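Protein sequences, first through last, are from chains S and A. Residue numbers for the first sequence follow the UniProt record's numbering, so the first one is 1 and each next one is one higher. Residue numbers for the second sequence follow the UniProt record's numbering, so the first one is 1 and each next one is one higher.
Since the hints were made in silico from the structure, they are not lab data. Hints should not be assumed to be uniformly reliable.
One copy or any two copies: either way a pair holds, since identical chains are not told apart in the list.
Result set (DSS-like, lysine-lysine): computed pairs, CA atoms no more than 27 Å apart in a straight line [to be verified]: (1) Lys89 to Lys9; (2) Lys73 to Lys292; (3) Lys199 to Lys73; (4) Lys166 to Lys187; (5) Lys221 to Lys314; (6) Lys471 to Lys441; (7) Lys109 to Lys353; (8) Lys292 to Lys166; (9) Lys73 to Lys92; (10) Lys314 to Lys96; (11) Lys489 to Lys167.
Quantities reported herein were computed from a predicted structural model and do not represent experimental measurements.
Protein chains: 2
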Amino acid sequence: MLEKVDLNKIMDREDYKKEFDNLSIELGALQREARDLKLPIIIVFDGFEAAGKGTLINKLMLPLDPRGYDVIKRFECPSETDNRPYFYKFWKTIPKRGDISIVNESWYKALLSDRVLKKTSPEIVEYLFDEILSFEGQLVADGYLIVKFFLYISEEEQKDRLKKLKKNKDESWRVTDDVLKLHKKYKKFLDAAETVFEKTDTAFAPWTIIEATDKRYATIKIFKTLIEAIKFKIKAIKEKEELPSFENFYPVNELSSLSKIDLNKSLTYEEYIEKLHPLQREIHDLQYRLWKERVPVIVAFEGWDAAGKGGSIKRLTEAMDPRGYTVIPIGAPNEYELAHHYLWRFWQNVPEKGNIAIFDRTWYGRVLVERVEKLCKDFDWQRAYGEIKQMEKQFTNFGIVLLKFWLHIDKKTQLERFEEREKNPFKHWKITEDDWRNRSKWDDYLPAVEEMLIRTSTAEAPWNIIEANDKYFARIKVLETFVNKIKEKLN
Amino acid sequence: MLEKVDLNKIMDREDYKKEFDNLSIELGALQREARDLKLPIIIVFDGFEAAGKGTLINKLMLPLDPRGYDVIKRFECPSETDNRPYFYKFWKTIPKRGDISIVNESWYKALLSDRVLKKTSPEIVEYLFDEILSFEGQLVADGYLIVKFFLYISEEEQKDRLKKLKKNKDESWRVTDDVLKLHKKYKKFLDAAETVFEKTDTAFAPWTIIEATDKRYATIKIFKTLIEAIKFKIKAIKEKEELPSFENFYPVNELSSLSKIDLNKSLTYEEYIEKLHPLQREIHDLQYRLWKERVPVIVAFEGWDAAGKGGSIKRLTEAMDPRGYTVIPIGAPNEYELAHHYLWRFWQNVPEKGNIAIFDRTWYGRVLVERVEKLCKDFDWQRAYGEIKQMEKQFTNFGIVLLKFWLHIDKKTQLERFEEREKNPFKHWKITEDDWRNRSKWDDYLPAVEEMLIRTSTAEAPWNIIEANDKYFARIKVLETFVNKIKEKLN
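Extracted from the complex, chain S is given alone in its bound form (with noise of 0.2 Å):
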């Protein structure tokens, strides 16, 4: 594909100038368009070293509003981000609906550059392209615009400018030895873009090769080939295409066995008491050592409205060092949440190695309580199963423990404890009227509950249900099945 591309296009100052302050006003009326449409554009610059990326990155600023856009630089912190999954970084600099995010040093590094110079192990690169997609796909199935330009230009070129940036005594610097290993490479970082177009050049974010020889011609066909795409995408708000999800749904016929599961089961106070603390003896000792062996956990906690989430969370944490757990607790999403893609806020939580990140209630509510109360269209909550799925691949293939529960209670337990709360003036704090409503709304929640079950129960990432009707004996099972599982890894 690369070969056949022109590089030697150029462009004159006079139609230079002409065009380039046409197409600022145009952009930068586009950009308050998107604005007001909640339009949120991600800009990926990639491509050959020395060919220009800074410089035009810079052209592309000037027009914009800097009130609506930011310029993800190379990442500060290494050791905060090499600690998690790949994408943790990326999810963490998504723009907000309306705003620009200008991405510099984007996911393709890893898959370019980084691959080249041998620093991405082969074993990440069977799986990255998958994360690629699903991470384009999932921004994108959510209304964001993506922008993908590649920087071309010919070896001959690079060995020029990189000759001339050396001779430059304030700009030498930047030719550093990895710089003039790619140069040496150059053939090998060819066959590496091409690799990348073919897999990651989609319907749904394509890519735009940008001859970057001339400065002049590379920086208009950046600003037109953006425009059209904001253009086109405007259009489709205003005509509300809907895209097209890219798990194709179906409908759940067999239930699972919620109604089946053995609700007795219980144990005395005093067999509670004899179980617990040498389970929390166990888990203080297994926390210390996942820290060792930095082997990151994540728990999630969902269940019925009083099933004892809390109470089990409390028992688990008990013997932890504070140091090396945090208990996340999900409501509502608060209005900046809001102004992201849903799966954002988690990603923000994704633990480092060796730490527990424990949350109260998940990305679950997505195909829970935004389903069940419409908060989201069928669309997004169908979406979501497949979505959910790829997201906790990601933490699995980084190396995340992922434990999933499910309390289980029925109608009859939930009605007694919030008579209970109600009662009790230290826990009446608990129950609100949220609580007696979604309790009305028991049979609608029920058939939401059985399809989450069955569709995000991976290999990886089962989910445990836990028969929760009696505390002590819910409790026990999810330290137990806590300490098993962290084992199981561990050994």
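Fit chain A to the supplied structure of chain S, relying on the hints for placement.
Using the frame of chain S, we list chain A on its own:
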């Protein structure tokens, strides 16, 4: 002070059990009340190694609703924070109103363990105490409650505990070389602690020494102290006691010479272009030198609406590498920003070493729009002069070059530009109702501006007043001032 402390206090299991349960219930209730009152709470834990920080913090967390607190752990990213003023990372983690932060590795580390281990350079120690006082003072003045615990054990006790830890195969790793060094230097640590108490045991943020030999005793004392502190603060809030400002405010009589400024200075287009391009080339080179020599820069733009801030910023950045600068447009704070101290959002944007942060409007909004529009109490903006100077001092202490511009035009020029914007279809969006409303308050803004210029022009960070009736002249003066100031710093 410390030698007088009795470290033999203990508590038996029964008393403990009883007290703990009651105090837990009380603390839980207080947390909810504090949240309703939007009271932000910061709890600092410091003290000797092996004094039981982790365990005691965990005990404190158990009765708390996780929806309302966060444990600030060892900061993940030294590479990021070491490149910024010391308090950057702490500002990042202050709780929003109604929340609690439990700080595990606090700002006192630099003056305790790090100082004993000679990791803190003497010249930092000199001004660190001032920075701590202004940090805590600013937060308390803004309604934060700060509770500081120092966990105290004897040299003997520490010795025994470290021995036990070493024996335990799962915990021996915690006994690092630093920990052993700190044990050997027990006396030095004690002296450092004495100095810390001497200088930072203030009325607005006092220290509580916790005899930590007996965990039960320590837990109860921590709970009781915290409960008393929160109750006291809640009482104060309900009685609307206003906290004393720590800068005595005096009105400024002698006004600045804004009126005497010659706004007729101007340049022809030819003169402008002739000066512009060489200046931009110089800025391009200076940016690389700043980057190479790791010098951080903050450029702060204030001025009347339509004074030409945007145009100056554009000319300033046109020749810069986007990877090295950021433009931070400051508008009305959003809901989330309002939930923090007003300086919080600016601290978020402090540039790392070698980078340039350009603020389009700044923290001076506190003493301009917020004062004139009565968006905060007189007490708040009056206090702000001192707070802003303290913040800027921390910037310059760290080596940040801080450039402050006031772009000055007269009322007539503003009117012409407003009208021009309304006529011009490409600038129309730039003019809003707000602009006209602000303009009508010109005469209220003038004294606020003059007072700001007088009160906040310091030796390290003076105001540069730019005569901006003529755009060409203004832009060139901004660029020249920038170039000269940076050269001065680099040579």
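Quiz item: What are the numbers of the hints that this structure violates, sorted from low to high?
Solution: The structure breaks only hint 1.
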